[in-house]
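K.L.:
No gaps in the numbering here: position 73 of the sequence shown is 73 in the numbering used here, and each next residue is one more.
Treat the hints with care, as some may be off.
Have a look at the derived ranges for each label pair, beta carbon to beta carbon [claimed, not checked]:
| no. | residue 1 | residue 2 | range |
| --- | --- | --- | --- |
| 1 | S284 | S423 | 26 to 34 Å |
| 2 | L280 | Y27 | 29 to 37 Å |
| 3 | G402 | E55 | 41 to 49 Å |
I should point out that these hints are in silico values taken from the structure, not numbers from a laboratory.
All C-beta atoms, glycine included, are put in the ideal place defined by N, C-alpha and C.
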Amino acid sequence: MNKEMILSSDVIIKGSSFLKNEMAYEYQPMKNTSSLYLIQKDNLSLKKELLKIIESAEDVIKICSFLITDQELFEAILNKAKNSTCSIFILTHLSEDRLNLRDLDELTEEDKKEIDPHFNNICELHRNGVFIRAARNLHAKFVTIDRNKGFITSANLTSPSLLFNTESGFYLDRIATEKLDHLFDVIYQKGANYIEFKIASNNSDIVYVTEIEDKVKNNYLPKPDESALRFTYNDLDNSLLKEIINILDSAKEYVYISTYSIVQLEKLPDFIQAIERCLLRQVSINVFCRGMNYRSDHLLGSKLLNDYGCRLYGDFYNHSKGIINEKKGMIFTANLDGKHGLTSGFEIGYILDEQQRKEFETLHIRLINQAFYIFKKSFSFSELFKSYDMYEKEKNINNPFGYKIKEIIIPQKHSSLKELIISNIAFIKIKDNQCFISCGNKLYSCTIQDSRCYIEQEKKPGQESKYQSYIFKFNQLKISYL
1 MNKEMILSSD
11 VIIKGSSFLK
21 NEMAYEYQPM
31 KNTSSLYLIQ
41 KDNLSLKKEL
51 LKIIESAEDV
61 IKICSFLITD
71 QELFEAILNK
81 AKNSTCSIFI
91 LTHLSEDRLN
101 LRDLDELTEE
111 DKKEIDPHFN
121 NICELHRNGV
131 FIRAARNLHA
141 KFVTIDRNKG
151 FITSANLTSP
161 SLLFNTESGF
171 YLDRIATEKL
181 DHLFDVIYQK
191 GANYIEFKIA
201 SNNSDIVYVT
211 EIEDKVKNNY
221 LPKPDESALR
231 FTYNDLDNSL
241 LKEIINILDS
251 AKEYVYISTY
261 SIVQLEKLPD
271 FIQAIERCLL
281 RQVSINVFCR
291 GMNYRSDHLL
301 GSKLLNDYGC
311 RLYGDFYNHS
321 KGIINEKKGM
331 IFTANLDGKH
341 GLTSGFEIGY
351 ILDEQQRKEF
361 ETLHIRLINQ
371 AFYIFKKSFS
381 FSELFKSYDM
391 YEKEKNINNP
401 FGYKIKEIII
411 PQKHSSLKEL
421 IISNIAFIKI
431 KDNQCFISCG
441 NKLYSCTIQD
451 SRCYIEQEKK
461 PGQESKYQSY
471 IFKFNQLKIS
481 YL
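The whole structure should be built from the sequences, with the hints applied where relevant.
P.N.:
As structure tokens, this is what we get:
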């Protein structure tokens, strides 16, 4: 066995990743739409419309949102509660372990920072007469007012979602609004497990929650043939997934799909089979997502779609979700996720009218044409590092290691790490001032001194989402054995 080797960043590596799209058009926000409301750089029409909806309500407001932390929206709701006779009901989320939301896959990297303000806000709203309940696995996002106006959006009511993300929203027609309003009532009355929130007076980190047990029955729920509303509600209804498959199966020429993440697709065999049928009919499938190279599960899902023949694009901020073919379109709140949303939890979707479909299609074409990322399966370390440099700059991430590490020193008992390093993306992870190297499906503790990284013990992977993570970049890396 050679005691050392030099690894150049020009080496072509295995695996798949989102890389800089050299053919991307210059960014232009989509404006002057008649039915589509957006959050994009230089376009906050969706947030403005949400504020307008809250202000215009006369009798009742019903809000369903994973998080509520945007200060302007929070103050609008609070002022409405204080200064009007309008009744306000809010459905929000609590996980099985109640307040530990930080590790949920549904949360964007930005929204994970919003959890503490969320609980402060819902307690403040509760104190001012807003009726608030929380359900497990709730991810739907919508507002209805006065039982006659409904609005669906991909956005959580957080500042990152309403200022920086790519988000979309539409009004529902009258019948779908009535069904959505009814669905809210069912979940609020029978599906909300947590019914009261109170912060301890002597410790603001403690939230007391009153829990009840009740159960939604299938006959309480709206039927999909009654309106353009589609939804997932645990194991009682998956009309949302069925409609996605229907749109895939009815496509003649093309399909556009947008999502935040693409994970655990092996748990969605009917969806995968519909993708296969599309491609066998020579229907083109283009997918736009967030280009999360730091999430191995997202890369695996993206690779699966790409292997079948889908083209994938991405950016830094996408959180919009939907599907369109040449005749039919639907906005929805779920991700392409085999664990959350399409087969469990609470998500909604809405089949668009033709004007809405056309504008949603135009948005998808524009997002793809302007996409910063394109998904590739053959590239060099240097191409990947270049894309990461731009990502870190855009997100204001200070990678403390940069290109500083010149040598990695591996004990003989961990010699298999060398093969992983030379053909896979590696990450440096930090938790409680301890350093780790993650590469492939392996995790090792390590010590970094000056320009050297010393590998120590192999660790059991699985908790890395709790660590600070930085890509392991180099221009030329010396790999040595102890």
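K.L.:
All the hints need checking, so say for each whether the structure fits it.
P.N.:
Comparing the hints with the structure gives:
Restraint check, S284 to S423: a C-beta distance of roughly 31 Å satisfies the suggested window 26 to 34 Å. The given range of 29 to 37 Å is respected by L280 and Y27, whose C-beta atoms sit roughly 35 Å from each other. G402 and E55 have their C-beta atoms about 48 Å apart, which keeps the hinted 41 to 49 Å range intact.
In the structure shown, no violation is registered for any of the earlier numbered hints.
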